[in-house]
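Asker: Assemble the whole structure, with the sequences as input and the hints as a guide.
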Amino acid sequence: MSERLSYVWHLGAWAVPILALQAVVLVWVGASARPAVVPVLVVTAWLVAADHVAIQAGVWHFDDAKLVGLRVGAVPVEEVLFFLVTNALIAGGTILLDGLAGPGARR
Amino acid sequence: MTYVAFLALFVVPPLVVVALLCRHDLAHGGWRPLAALLAIVYATATPWDGAAIARGYWGFAPGRILGARAFGVPVEELAFFGLWTLLTAIWVQHRLRSAS
Numbered sequence: 004m005s006e007r008l009s010y011v012w013h014l015g016a017w018a019v020p021i022l023a024l025q026a027v028v029l030v031w032v033g034a035s036a037r038p039a040v041v042p043v044l045v046v047t048a049w050l051v052a053a054d055h056v057a058i059q060a061g062v063w064h065f066d067d068a069k070l071v072g073l074r075v076g077a078v079p080v081e082e083v084l085f086f087l088v089t090n091a092l093i094a095g096g097t098i099l100l101d102g103l104a105g106p107g108a109r110r
Numbered sequence: 004m005t006y007v008a009f010l011a012l013f014v015v016p017p018l019v020v021v022a023l024l025c026r027h028d029l030a031h032g033g034w035r036p037l038a039a040l041l042a043i044v045y046a047t048a049t050p051w052d053g054a055a056i057a058r059g060y061w062g063f064a065p066g067r068i069l070g071a072r073a074f075g076v077p078v079e080e081l082a083f084f085g086l087w088t089l090l091t092a093i094w095v096q097h098r099l100r101s102a103s
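As you go down the protein sequences, you meet chains A and B in turn.
With our numbering as the guide, the letters of the first sequence map in order to residues 4 to 110.
With our numbering as the guide, the letters of the second sequence map in order to residues 4 to 103.
Check each hint, because a few of them may be wrong.
Chain B stretches covered by chain A per the calculated footprint, using a threshold of three residues with CB under 8 Å from any CB of chain A [unchecked claim]:
no.	stretch
1	11 to 17
2	51 to 58
3	69 to 75
4	83 to 94
It is worth saying that the hints were derived from the structure and are not from the lab.
Glycine included, each C-beta is placed from N, C-alpha and C at the ideal position.
Answerer: Put into structure tokens, the structure is as follows:
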């Protein structure tokens, strides 16, 4: 495996199985993911913009040898994917756990 | 800019706004699923981030972090996970409960 795929592989190996499991359970229980779309996209865009500032300011840095090489501003494309995928995981987890909590938890 | 300043500038303010707007949900049992979600996030994300840092995929400028770490992950990064999780989750939960 190319070293440049290190980050994207590290992300995918972690997130894709969990996302797939969440998707299966969401379909199984008939839950809609639609309420999650706007928060996931808005928070992802916000964090990418904030990440750009943090990288430019030198708060954290990446090993270029372990990146594909595409960037959005200063932000590696892997990092954009990380925010998007992790926000989807957070949203999926919220839908499932809030459903489990049930209407009784809403009083 | 330090990592703490990053949190104070970019993560805490939107979380405060979302939490205030959605305080009704939080007060009516909404915090329970969020607490469970936080436990899952920390259990899964901490070893994942620690492994990436150990392998040198990313790192932090020594002068920009406090220095305390858990499982190789700076405490600010752990705070970021929790605050960000709450930001997205509180908003999603509010939309779920408004829709139902």
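Asker: Under a C-beta cut-off of less than 8 Å, do 3 or more residues of the stretch 83 to 94 of chain B approach chain A closely enough to confirm the stated coverage?
Answerer: Check passed, 6 qualifying residues.
Asker: For the stretch 51 to 58 of chain B, count the residues whose Cβ lies under 8 Å from any Cβ of chain A; is that count three or more?
Answerer: Satisfied; 4 residues make the cut.
Asker: With a C-beta cutoff of 8 Å, work out whether three or more residues of the stretch 11 to 17 of chain B approach chain A closely enough for the coverage to hold.
Answerer: holds (count 4)
Asker: Holds or violated: the stretch 69 to 75 of chain B covered by chain A, criterion of 3 or more residues with Cβ-Cβ distance under 8 Å?
Answerer: violated (count 0)
Violated hints amount to a single one, hint 3; each of the other numbered hints is respected by the structure.
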